[in-house]
Amino acid sequence: MKNYLSISDIDNLSEWVKEAQKLKANPKADKKLGADKTICLLFFNNSLRTRLSTQKAAMNLGMEVMVMNFGNEGWALEYGDGTIMNQNTSEHIKEAAQVVSQFCDIVAIRAFASLTDKEQDEAEVVLNGFKKYTSIPIVNMESSVGHPLQALADAITMEEQKTKVKPKVVLSWAPHPKALPHAVANSFVEMMQLQEADFVITHPEGYELNEAISKNTTIEYDQKKALENADFVYVKNWSSYTDYGNVSNQDSNWMMTMEKLGSAKFMHCLPVRRNVVVEDAVLDSEQSLVIEQANNRTYAAQIVLKKILESLSKR
Amino acid sequence: MKNYLSISDIDNLSEWVKEAQKLKANPKADKKLGADKTICLLFFNNSLRTRLSTQKAAMNLGMEVMVMNFGNEGWALEYGDGTIMNQNTSEHIKEAAQVVSQFCDIVAIRAFASLTDKEQDEAEVVLNGFKKYTSIPIVNMESSVGHPLQALADAITMEEQKTKVKPKVVLSWAPHPKALPHAVANSFVEMMQLQEADFVITHPEGYELNEAISKNTTIEYDQKKALENADFVYVKNWSSYTDYGNVSNQDSNWMMTMEKLGSAKFMHCLPVRRNVVVEDAVLDSEQSLVIEQANNRTYAAQIVLKKILESLSKR
Amino acid sequence: MKNYLSISDIDNLSEWVKEAQKLKANPKADKKLGADKTICLLFFNNSLRTRLSTQKAAMNLGMEVMVMNFGNEGWALEYGDGTIMNQNTSEHIKEAAQVVSQFCDIVAIRAFASLTDKEQDEAEVVLNGFKKYTSIPIVNMESSVGHPLQALADAITMEEQKTKVKPKVVLSWAPHPKALPHAVANSFVEMMQLQEADFVITHPEGYELNEAISKNTTIEYDQKKALENADFVYVKNWSSYTDYGNVSNQDSNWMMTMEKLGSAKFMHCLPVRRNVVVEDAVLDSEQSLVIEQANNRTYAAQIVLKKILESLSKR
Chain A
1 MKNYLSISDI
11 DNLSEWVKEA
21 QKLKANPKAD
31 KKLGADKTIC
41 LLFFNNSLRT
51 RLSTQKAAMN
61 LGMEVMVMNF
71 GNEGWALEYG
81 DGTIMNQNTS
91 EHIKEAAQVV
101 SQFCDIVAIR
111 AFASLTDKEQ
121 DEAEVVLNGF
131 KKYTSIPIVN
141 MESSVGHPLQ
151 ALADAITMEE
161 QKTKVKPKVV
171 LSWAPHPKAL
181 PHAVANSFVE
191 MMQLQEADFV
201 ITHPEGYELN
211 EAISKNTTIE
221 YDQKKALENA
231 DFVYVKNWSS
241 YTDYGNVSNQ
251 DSNWMMTMEK
261 LGSAKFMHCL
271 PVRRNVVVED
281 AVLDSEQSLV
291 IEQANNRTYA
301 AQIVLKKILE
311 SLSKR
Chain B
316 MKNYLSISDI
326 DNLSEWVKEA
336 QKLKANPKAD
346 KKLGADKTIC
356 LLFFNNSLRT
366 RLSTQKAAMN
376 LGMEVMVMNF
386 GNEGWALEYG
396 DGTIMNQNTS
406 EHIKEAAQVV
416 SQFCDIVAIR
426 AFASLTDKEQ
436 DEAEVVLNGF
446 KKYTSIPIVN
456 MESSVGHPLQ
466 ALADAITMEE
476 QKTKVKPKVV
486 LSWAPHPKAL
496 PHAVANSFVE
506 MMQLQEADFV
516 ITHPEGYELN
526 EAISKNTTIE
536 YDQKKALENA
546 DFVYVKNWSS
556 YTDYGNVSNQ
566 DSNWMMTMEK
576 LGSAKFMHCL
586 PVRRNVVVED
596 AVLDSEQSLV
606 IEQANNRTYA
616 AQIVLKKILE
626 SLSKR
Chain C
631 MKNYLSISDI
641 DNLSEWVKEA
651 QKLKANPKAD
661 KKLGADKTIC
671 LLFFNNSLRT
681 RLSTQKAAMN
691 LGMEVMVMNF
701 GNEGWALEYG
711 DGTIMNQNTS
721 EHIKEAAQVV
731 SQFCDIVAIR
741 AFASLTDKEQ
751 DEAEVVLNGF
761 KKYTSIPIVN
771 MESSVGHPLQ
781 ALADAITMEE
791 QKTKVKPKVV
801 LSWAPHPKAL
811 PHAVANSFVE
821 MMQLQEADFV
831 ITHPEGYELN
841 EAISKNTTIE
851 YDQKKALENA
861 DFVYVKNWSS
871 YTDYGNVSNQ
881 DSNWMMTMEK
891 LGSAKFMHCL
901 PVRRNVVVED
911 AVLDSEQSLV
921 IEQANNRTYA
931 AQIVLKKILE
941 SLSKR
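Residue numbers (the numbering used here), protein chains in the order written: chain A, 1 to 315; chain B, 316 to 630; chain C, 631 to 945.
In short, the hints are calculated from the structure, not lab data. Being a predicted model, the structure only gives us computed values, none of them experimental. Don't take each hint at face value.
With a cut-off of at most 30 angstroms between alpha-carbon atoms, the simulated DSS-like pairs for lysine-lysine come out as follows [what the hints assert, rightly or not]:
hint, chain 1, residue 1, chain 2, residue 2
1, A, Lys224, A, Lys131
2, A, Lys28, B, Lys343
3, A, Lys32, B, Lys343
Please work from the sequences and hints to get the whole structure.
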């Protein structure tokens, strides 16, 4: 495997999940694999779980880690071709990407959607800029359109928790005061499309995700109906995709409650706003998997890095 | 030992001081103790000495270190129970604490007093939030009401420097242009209460520390009288505790001078404002112990981490 | 060697360049040299290449690394002697320097010129403050007046790329919208004075560098004439030195182009503003050495740290 940019870079999901579970049982087993290899984590946006779990995963594999908050610590980057750079950007992605790739063996990047310019967000200028100009493997730590490390952690969590071969899984939109990206929802949808599951998305009308991603996944606008007999309920807010980045709906009736959840397991990527996205009772119940999802972020990152390191050593 | 939250977590001070001195003589002696163990340093406030000395102590013990500036790099945390989180906080301490504890074996936290809300400061919402919701050991890197790593370094320094069994020690308030917390003064007072010493606090009227901490320690409002025959003079500013967080007195007559110091040793936790808190001549004299206090921060942190690691390995 | 503050700390340039090339061929060869040694990287300004390459170099040598963004994470420092510190500075360089030196074996510092106060910039208050009050070796990661790690990387790059014993080298000023320091240009000039080369500086009148540095180096105000038969063209903007920090000229005729470059190799320290300092065609051509210069930053830092570590082990 060269890069881990999206779910489609997983060649065999069930095998990856099994290997991740092995790593979880024995996190330091491959500590020699990453010896004398360096990973650089570049954050263009804030991060808690991704920051710590990816560092931890790399250290479990014996790698050296360099963390950089690109926005505060480095230079404002230019992405346009042919730009006369006499304004606010000090360095072009062409140079930045090539330069960074000389100081490490793997680069991991977090760069959120702006939610103001759909075209630019979908072009994934930061991630694809690095992909275009760098020679080393790239790991997506959440980009404009995807968060595949989260989705992989979610798959590991569901594998651990499921009690039937083909569970019913519902992705349920929730209200939120701020405009949030589609990345987590997108990657979860893509992940579910690889799984044996009865998968439904529920959200208010006008909150349809990109059809190129949701494809023929069932959309049920009636949340109550969607949640019937659910085994897993994944709750997440996103802003409008069609009316790009807009927050037209903050209807608290969409908040997840114990009553709505029934006996299903509750999932969320975190951070989560309590009593806005989901009521306290759900998060504080034994049905909540959110802490275990976060825990599995380490092993999702670790299996990804392990696959990349194995590819590197074969070259 | 589980946590190091305050001086009261030290089970045997004189033994800890002796062990710290052994570590100082041979800092890498226990390098295998922390192998494959990770510490996460979470800074909610700025730090120089604590940042570097705690990292250094952890590395001396062979630990892996992750440093995070929570305010800039993560999410604004909510501490209230039952809050409808539709305002500025993005993540609840319940989730944050549980999540962080999955990525490391020990968490160290710095979270200063606000000095605006006494009740909230005394509740130590950050430190106690982590204590309540995390399963891993916690180290206090300065909280609202205490700075026990500093006080332990001070105890090591005094042990090295004292020339009599029961020295006279004076904690002398000093003027400062900004409102400063009580944490350093509190922990120093608590530390002195464990020591064989003739201990006096001197400060202007109205600057009494929390009586629950100062207890029956002698308070002498006449600085000159307090300083008579002192062996150690610990100088520190703090804002008013009774008129919480207020700076009603900036009287430069309280500044420490060579004349006032006499032949005593001078101590301060740093950073210190020269010629406001203490005159240049004192800091530049051989009677100043401030650099050695800072040096001992490493061994204070190291003995704390060593004790915790030893507890972990017994579980 | 004690410190690496400027080019003049290199005792034998050609030998250093050869050793750096050996390290480049086998970066981990000296991994035991830095065992149990700690380097602290203190950034008073932003950094990409220096931040990553110096960390990487230290890790290649087996060192432990602590990175601190002094401005955001620590305290505002005072540099004046005798100052009554009742304003914005919280800690004096005297304490800060002594304290930091207790937590590490080597300290590396980046502190740019202010470009507003020539006298203070030339006094190098940060770097010289650390030099004055610290006992440990200091590495200059770009100061007010020099960037000797960059110049050493440039020397390595030129050694790799030169096709004649005495190449013609031109330092060519370029326009830029912001006022930039003289550090890179200064150190490059000093480096060229140690090399066998036909060296010319070209810039608009009024942009003369400090004569104490340029000495008797040829200055040719006619860029075209200067560039004739050049083998290496080093392009760099700097603000006026005589009219200190002023940007009186932004004439785009000084931008480097393929036409002007001819068959010469192009060099720049990065970050570079495309189509302002140099046109795209130059950076995208095979004549551009900028990525290799950045790559050699690691080995420049590594040979410097290696020399210092060897000195330390002899003490």
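Status of the hints after comparison with the structure:
1. Distance check on the hinted pair: Lys224(A) and Lys131(A) sit about 42 angstroms apart at the alpha-carbon level, beyond 30 angstroms; violated.
2. Taking the CA atoms of Lys28(A) and Lys343(B), the gap is near 23 angstroms; set against the 30 angstroms cutoff, the hint holds.
3. Proposed proximity of Lys32(A) and Lys343(B) is supported: the alpha carbons are some 23 angstroms apart, at most 30 angstroms.
When the structure is compared with the earlier hints, a violation turns up for hint 1 alone.
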